[in-house]
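Participant: Protein chains in written order, with the numbering used here: chain F, 41 to 184; chain Y, 514 to 776; chain W, 105 to 232; chain V, -12 to 651.
If you are wondering where the hints come from, they were derived from the structure by calculation, not from laboratory data. Idealized CB from N, CA, C, for every residue including glycine. Mixed in with the good hints there might be a few duds.
[Stated by the list, open to error] Which stretches of chain Y does chain W cover? Using the computed rule of at least three CB atoms under 8 Å from a CB of chain W, they are:
1. 564 to 573
2. 635 to 642
3. 702 to 714
[Stated by the list, open to error] Below 25 Å or equal to it, Euclidean Cα-Cα: the simulated DSS-like pairs (lysine-lysine) are:
4. W:K107 / W:K202
5. V:K128 / F:K175
6. V:K310 / V:K558
7. W:K124 / V:K447
8. V:K389 / W:K127
9. W:K127 / Y:K537
10. W:K123 / V:K394
11. V:K459 / Y:K727
12. V:K310 / V:K282
13. Y:K727 / V:K285
14. V:K461 / Y:K727
15. V:K226 / V:K128
16. W:K124 / V:K128
17. V:K195 / V:K239
18. V:K159 / V:K67
19. Y:K657 / Y:K515
20. V:K285 / V:K303
21. W:K127 / W:K164
22. V:K447 / V:K428
23. Y:K649 / W:K164
24. Y:K613 / W:K232
25. V:K171 / V:K221
26. W:K123 / V:K389
27. Y:K525 / Y:K727
28. Y:K563 / W:K124
[As the list claims (entries may be wrong)] Here are some chain Y residues pointing at chain V (derived, C-beta under 10 Å):
29. A724
30. K727
31. A731
32. A732
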Amino acid sequence: MQVKEYKPLIVAFCCNWCSYAGADLAGNNRLNYPADVKIIRVPCSCRVNPMFILRAFQRGADGVIICGCHPGDCHYTSGNYYTRRRMAALFSMLDFLGIEKERTRVEWVSAAEGAKFAATMNEFAQTVASLGENKRLEDLRCKK
Amino acid sequence: MKVSYFPGCTLKNKAKDLDEYARKSAEVLGITLEEIQDWQCCGGVFTTAKNEIATKLSSVRALKDAAAKEQPLVSVCSACHNVIKQTNHAMQTDSDFATKVNNYMAEESLYTGETQVYHYLEMLRDLVGFDALKEKVVNALSGKKIAAYYGCLLLRPNGVMQMDDPENPQIMENFIRAIGATPVLYAMRNECCGGYISMESPDLAANKSNAVVKNAVAAGADMIITACPLCKYNLIKNGAEIPVVYFTEVLAEALGVKEDTNE
Amino acid sequence: MNKNFIQEEILRSSGVNPKKCMKCGKCSATCPAYDEMEYHPHQFVSMVENGDIEPLMNSKSLYRCLSCFACIDRCPRSVQPAKLVEAVRLAVVRQQGKNHLTANDIPELIDDETPQQLLVSAFRKYTK
Amino acid sequence: MQRVGVFVCWCGSNIAGTVDVAAVAEALKNEPGVVFSTDYQYMCSQAGQDIIKNAIAEHNLTGIVVCSCSPRMHEATFRKTAAAAGLNPYMVEIANIREQCSWVHKDMTTGTEKAIILGKAAVAKVNLNTPLTPGESPVTKRALVIGGGIAGIQTALDIADAGFPVDIVETKPTIGGKMAQLDKTFPTLDCAACILTPKMVDVAQNEKIRIFSYSEVEEVGGFVGNFDVKIKKKARYVKEDICTGCGACVDKCPMKKNPNEFNLGMDNRPAIYIPFAQAVPKVATIDPNACNMLKNGKCGLCARVCAAGAIDYTQKDEIIEEKYGAIVVATGFNPISMEKFDEFAYNQSKDVITSLEFERLTNAAGPTAGHLERPSDGKSPKTIVFVQCVGSRCDACSEKGKEYCSKICCMYTAKHAMLTRDKYPDTDVYVFYIDVRTPGKNFDEFYRRAVEEFGVKYIKGMVGKVTPEGDKLKVQASDLLSNKQLHIDADLVVLAAAIEPDKSARPLATMLTASMDTNDFFTEAHPKLRPVESPTAGVFLSGACQGPKDIPETVSQAGAAASKVIGLLAKDKLTGNPCVAHSNELMCNGCSSCERVCPYGAITYEDKEFRMPNRTTKIRRVASVNPAVCQGCGACTVACPSGAMDLKGFANSQIIAEVDAICK
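Okay, chain F solo, but in the shape it has when bound:
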């Protein structure tokens, strides 16, 4: 039997104005990070509904990261503050449900921080990989 190498699946929500641009910059500078990270573009980090994160875990994601503008730099003035508060609450609930806190993260990445984006993704992917597969919320009916 062939043993498949374990690859974590990571969903990254990036705000359109800072972090998505930061990810683009990482690309422009050819900074490597694992292909396990897949980015979904949202207008603002505060657009990320807890439902999306739960859905990702249910469908087998091993880690979810939300990236937004630095506090005070939000394109919409205060969106990232909402994110910070909402996610603090959500992540501790997830932790309670058995999704380790290390699998979830909020990170501020500006449009100039390509290097930070790549470093964050490398580090996050490694952390998630070391935790192994996430099975807690996975819905087997969704598995193919």
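Chain F is fixed; fit chains Y, W and V onto it per the hints.
Facilitator: Frame of chain F, contents of chains Y, W and V only:
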């Protein structure tokens, strides 16, 4: 109305008159001062260090006693008031400190700063009311120009004491108005008289006391009132050219009970 | 005693954060005992911040602070220099044999009018 | 069901080097809805775009996915391509397989795998896209400027210069603001009145500008391009159009002892007054709290002496309603109260004054006709102590004063000190400073001149106590550099009081739904890149209402705000971003959660009638989003507990489809 009363060491000795005038006047104003049983000296100054426990226990015992009777705790001496109020504040805000203190206490109930702490002046302002006081005055001290000397302990640190604006207080001035006299404003009223330094460095204390009296005299005062035995001592010892008396003395005089007290 | 240990102990027991100081000198401007102090309130703040505490411990400035709290109330940055002076003083008088005042000194220092409050306060400040 | 076309770009070797583009196109062919899939070397080239256009026509596509570079690069390009082929531009989705795939991964297998997943996510999303049309709204070509100081004046003049009508609302009886009270201006020392009053006259004479003086903004409704504003014109008991400003009434008024606000209470004015000689409008105003006629019907002298017959004791407050396309806030600042700083004896001595009072004392039109005299006894001061940073740079816990640096004090104190030494060389002038902050053109040179040429004594330290005694002010201070406590017998002490936003700013911000910081300064849409715009569309910021500022900075910001207003008013119609929030009224439970998180005030509630079973109706409170105001952040969609609120272009279903596609 009954309140708990913490007289303090000096009021039982050198400042007996401060105590007696306070009691007599309170009676006239319909307030009974119930002396805390077996009170112990407050220690004179509040040690600000967080890890200083034992020196604050006597204050906590008094506070606890008042709490048991559900009465506010009143003191007349500025120093006692300062120490008790700061200790109470520490009990309210520093849980680590409060735990350590409670470990010393015999009773099972925990004390965390529930008692309301009043200075006698605050009692006059907030519990009696200066207007009500004015009505009880039988012997208005009209024509007297009185300088209120706050010193440090009544007002500072303001974050804890919360008596009045620490730089431009009005409570004693309003008290002076209530007893029919004229308050004299002067800037040195909230500066230090030298305090306990008069023990080791009488010159420094003389220097500080003189600056206070000089400023009051320049402002036209013919009398200084204070709530603190040590302030009074320092001002008089260093040759104040105008009388320095306790505020309770002029209060008793205005209420017509001063003579009773002397008998 | 270890220098860092004393510094930490003083910061902890005083609850003061000297880093908040903006070096305006208002504490020293307002201090009534300034002229009798070798190290002034603003120096207490910067010297404790720099861990330069031994000179403070050996200075008579410790016994000149009147605890009038004017520096605490007037400091624009809420640094509370008087609490540092107190913490350094305690670090000294709490040591064996370091009481600044003994009962034997008293008779010479008092007069008939001396209020009890003066004795009590002086002992509280000068002894452990 | 959509008919989706997929177009995979090689970007030369940029993508094709690490991604097997043909395999991607092949893999995506089997995705739901995909009816066409191809790859090409440069999709953004003319030939590439033609491939897209042809495919749209040929295969009757209803949505397209372009697997290419970042949407930040070419989303706009491909939307135009789609539009040219008759497809709604919002039916285009981009899968970013360059910046976020081929450029960051080295291995062909990995790159191809990821590109396919990104493509699938985009296909999943586009399947749920709906055609969107940006909303349009008309623009009322008139601007409102709130505040008539130098900020408001400059903004109004610049807008009027571009040909748009402007109204200025000013609470005081005259425009001019703080600058009218100043004597000289740093660092060039030209007289404030000489450079300000011509501008005030320009405002008065400009036919595009209307001045509502002695007026307040009462209510603001509407949104960018279409504000409805109610302005309360307070009764001044003088008919503005008739009064000639001759001043006969002012001379004759018997109620002469009212503190003169313009001179900060350092002298008196009558009950009927004109704030100062160059006031605009130069019209008298009756102070109803001081006038005998208004209080108890006895007097009437002013009406008798007024040749023009302008006095009207029966005048009432008047409400004016007007429509505006843009609103500029220019409410300015005030020095903070010195009440809590009585260690400096401000309340105890008349000879302790603030710097603004010092301005009036040295102003030729001030209470002393420009002679520097002590307010208490009129003597000339021989020793003056200036104290800087009074109430600025305070710790948040100190409960008195402000945390920020007030910015202008260092320079005006240097100016006061220098001018005093210049005019009265036998005066000793001390300045106590913590830091001297002089960033600005010719600012540090100015300060150095005060020290080196004019002999102002700058002392690093602070004043701790001021004790009035006799006719002296005993100043106790520290000199940190010589490690001494100083005792100075001064004649005059001048406090550089911190400045704070005008008290009217907070209620105004509520009316405008413009955001403020904890100090009540208005916040800008972006601190670096959009410094004169409020986050609320159509509301602009000018001058010290946004933060402490000196005159040159205020004027440049005023001009910048004006240019933004002009840019807005020049449009006939505003086209919005169609990716805005919208609420499903049937699901909305009226809880107001969305309204509370909206940074733009785009959400309002209204009572609506809904049809219920059995031919009954029910009135329910439901949210409605104003698409002209909504900026599309999506905060409300997450706050909404019932799931009624959604965001067009980034709908819940679309994002979930992307998540599912990625996690498959």
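Participant: Run every hint past the structure and note whether it holds.
Facilitator: Consistency of the hints with the structure:
no.	hint	in the structure
1	564 to 573	holds (count 3)
2	635 to 642	violated (count 0)
3	702 to 714	holds (count 10)
4	W:K107 / W:K202	holds (19 Å)
5	V:K128 / F:K175	violated (61 Å)
6	V:K310 / V:K558	holds (16 Å)
7	W:K124 / V:K447	holds (18 Å)
8	V:K389 / W:K127	holds (17 Å)
9	W:K127 / Y:K537	violated (50 Å)
10	W:K123 / V:K394	holds (23 Å)
11	V:K459 / Y:K727	holds (13 Å)
12	V:K310 / V:K282	violated (36 Å)
13	Y:K727 / V:K285	violated (50 Å)
14	V:K461 / Y:K727	holds (12 Å)
15	V:K226 / V:K128	violated (29 Å)
16	W:K124 / V:K128	violated (51 Å)
17	V:K195 / V:K239	violated (36 Å)
18	V:K159 / V:K67	violated (53 Å)
19	Y:K657 / Y:K515	violated (32 Å)
20	V:K285 / V:K303	holds (19 Å)
21	W:K127 / W:K164	holds (23 Å)
22	V:K447 / V:K428	holds (24 Å)
23	Y:K649 / W:K164	violated (51 Å)
24	Y:K613 / W:K232	holds (19 Å)
25	V:K171 / V:K221	violated (32 Å)
26	W:K123 / V:K389	holds (19 Å)
27	Y:K525 / Y:K727	violated (31 Å)
28	Y:K563 / W:K124	holds (19 Å)
29	A724	holds (8 Å)
30	K727	holds (7 Å)
31	A731	holds (5 Å)
32	A732	holds (8 Å)
Hint violations for this structure: numbers 2, 5, 9, 12, 13, 15, 16, 17, 18, 19, 23, 25 and 27, all remaining hints satisfied.
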